[in-house]
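Asks: The listed protein sequences derive, respectively, from chains L and E. Counting in the working numbering, the first sequence runs from 1 upward without gaps. Counting in the working numbering, the second sequence runs from 1 upward without gaps.
Since the hints were derived computationally from the structure, they do not count as laboratory data. Just so it is clear, the structure is predicted and the values come from calculations on it, not from any experiment.
Restricting the straight-line Cα-Cα distance to at most 25 Å, the calculated cross-link-like pairs of lysine to any residue (SDA-like) are:
no.: 1; chain 1: E; residue 1: K42; chain 2: L; residue 2: Y64
no.: 2; chain 1: E; residue 1: K68; chain 2: E; residue 2: S52
no.: 3; chain 1: L; residue 1: K3; chain 2: E; residue 2: D84
no.: 4; chain 1: L; residue 1: K53; chain 2: L; residue 2: S8
no.: 5; chain 1: E; residue 1: K68; chain 2: L; residue 2: L98
no.: 6; chain 1: L; residue 1: K57; chain 2: E; residue 2: T5
no.: 7; chain 1: E; residue 1: K1; chain 2: L; residue 2: I60
no.: 8; chain 1: E; residue 1: K100; chain 2: L; residue 2: T5
no.: 9; chain 1: E; residue 1: K42; chain 2: L; residue 2: P103
no.: 10; chain 1: E; residue 1: K100; chain 2: L; residue 2: L97
no.: 11; chain 1: E; residue 1: K42; chain 2: L; residue 2: T83
no.: 12; chain 1: E; residue 1: K42; chain 2: L; residue 2: R73
no.: 13; chain 1: E; residue 1: K68; chain 2: L; residue 2: P103
no.: 14; chain 1: L; residue 1: K57; chain 2: E; residue 2: S46
no.: 15; chain 1: E; residue 1: K100; chain 2: L; residue 2: R44
no.: 16; chain 1: L; residue 1: K71; chain 2: E; residue 2: Y99
no.: 17; chain 1: E; residue 1: K42; chain 2: L; residue 2: S75
no.: 18; chain 1: E; residue 1: K1; chain 2: L; residue 2: N101
no.: 19; chain 1: E; residue 1: K42; chain 2: L; residue 2: N31
no.: 20; chain 1: E; residue 1: K42; chain 2: L; residue 2: L115
no.: 21; chain 1: E; residue 1: K42; chain 2: L; residue 2: M88
no.: 22; chain 1: L; residue 1: K55; chain 2: E; residue 2: S46
no.: 23; chain 1: L; residue 1: K71; chain 2: E; residue 2: S46
no.: 24; chain 1: E; residue 1: K42; chain 2: L; residue 2: N84
no.: 25; chain 1: E; residue 1: K100; chain 2: L; residue 2: L96
no.: 26; chain 1: L; residue 1: K53; chain 2: E; residue 2: P96
no.: 27; chain 1: L; residue 1: K3; chain 2: E; residue 2: K42
no.: 28; chain 1: L; residue 1: K70; chain 2: E; residue 2: Y99
no.: 29; chain 1: E; residue 1: K42; chain 2: L; residue 2: E22
no.: 30; chain 1: L; residue 1: K57; chain 2: E; residue 2: Y99
no.: 31; chain 1: E; residue 1: K42; chain 2: L; residue 2: G40
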Amino acid sequence: DVKVTQSSRYLVKRTGEKVFLECVQDMDHENMFWYRQDPGLGLRLIYFSYDVKMKEKGDIPEGYSVSREKKERFSLILESASTNQTSMYLCASRRLLLGTNQPQHFGDGTRLSIL
Amino acid sequence: KQEVTQIPAALSVPEGENLVLNCSFTDSAIYNLQWFRQDPGKGLTSLLLIQSSQREQTSGRLNASLDKSSGRSTLYIAASQPGDSATYLCAVRPSPGTYKYIFGTGTRLKVLA
Chain L
1 DVKVTQSSRY LVKRTGEKVF LECVQDMDHE NMFWYRQDPG LGLRLIYFSY DVKMKEKGDI
61 PEGYSVSREK KERFSLILES ASTNQTSMYL CASRRLLLGT NQPQHFGDGT RLSIL
Chain E
1 KQEVTQIPAA LSVPEGENLV LNCSFTDSAI YNLQWFRQDP GKGLTSLLLI QSSQREQTSG
61 RLNASLDKSS GRSTLYIAAS QPGDSATYLC AVRPSPGTYK YIFGTGTRLK VLA
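Kindly produce the complete structure, drawing on both the sequences and the hints.
Replies: Now the structure itself:
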């Protein structure tokens with residue numbers, strides 16, 4: 001079974017802090033994703049990485065950056081946390097197998113509160 | 001612009017009932033559609049993935065259908081159980097050239113014992 005592990009289930013930080021959210025997958029997947037989930041808005045894509053050191057902006061990248069130095073790890077960075085970044089953050093991974101459809105696999109999420 | 005809608009937002013049914021959850025999308029040109037389950041405070045669990053060339057997929061008591069021409073997918077749950085209580089989300093991948101998925105906001109299902 002695919003395992004996607006997010007380093008923290010709950011996190012409380014202060015406005016202006018630099019915040020790191022970590023995600024690790026154990027199945028050698030090429031693609032990795034960071035979403036945030038808010039009531040009434042559903043899941044929105046922040047960034048995705050299609051392979052090591054590769055990244056592309058999603059729909060709401062402002063205020064965030066990412067790092068993918070190793071295949072198994074995808075980090076989301078809040079450069080200067082603000083209260084409107086309080087949310088549930090979900091990481092996902094997916095195998096890239098040309099010519100086939102592969103499902104996304106999600107971690108359990110990090111509920112981040114910015115005070 | 002592709003939009004994905006799930007109606008109703010919430011549903012309560014008695015145990016044992018067969019039920020259908022709906023997912024609608026505005027652009028019929030999709031690459032695949034995936035159904036997920038989300039338990040409270042948890043991440044998403046993949047249930048079924050339907051490729052654009054398929055009409056349905058089955059896994060145990062779950063059956064997902066896809067009608068691209070009408071912009072609809074349904075998730076059929078047979079003989080529902082209290083353990084099926086969760087939020088069910090669908091997500092559309094518009095084309096093979098994009099890694100993006102567009103998610104609906106989900107249907108919160110409660111199966112009453």
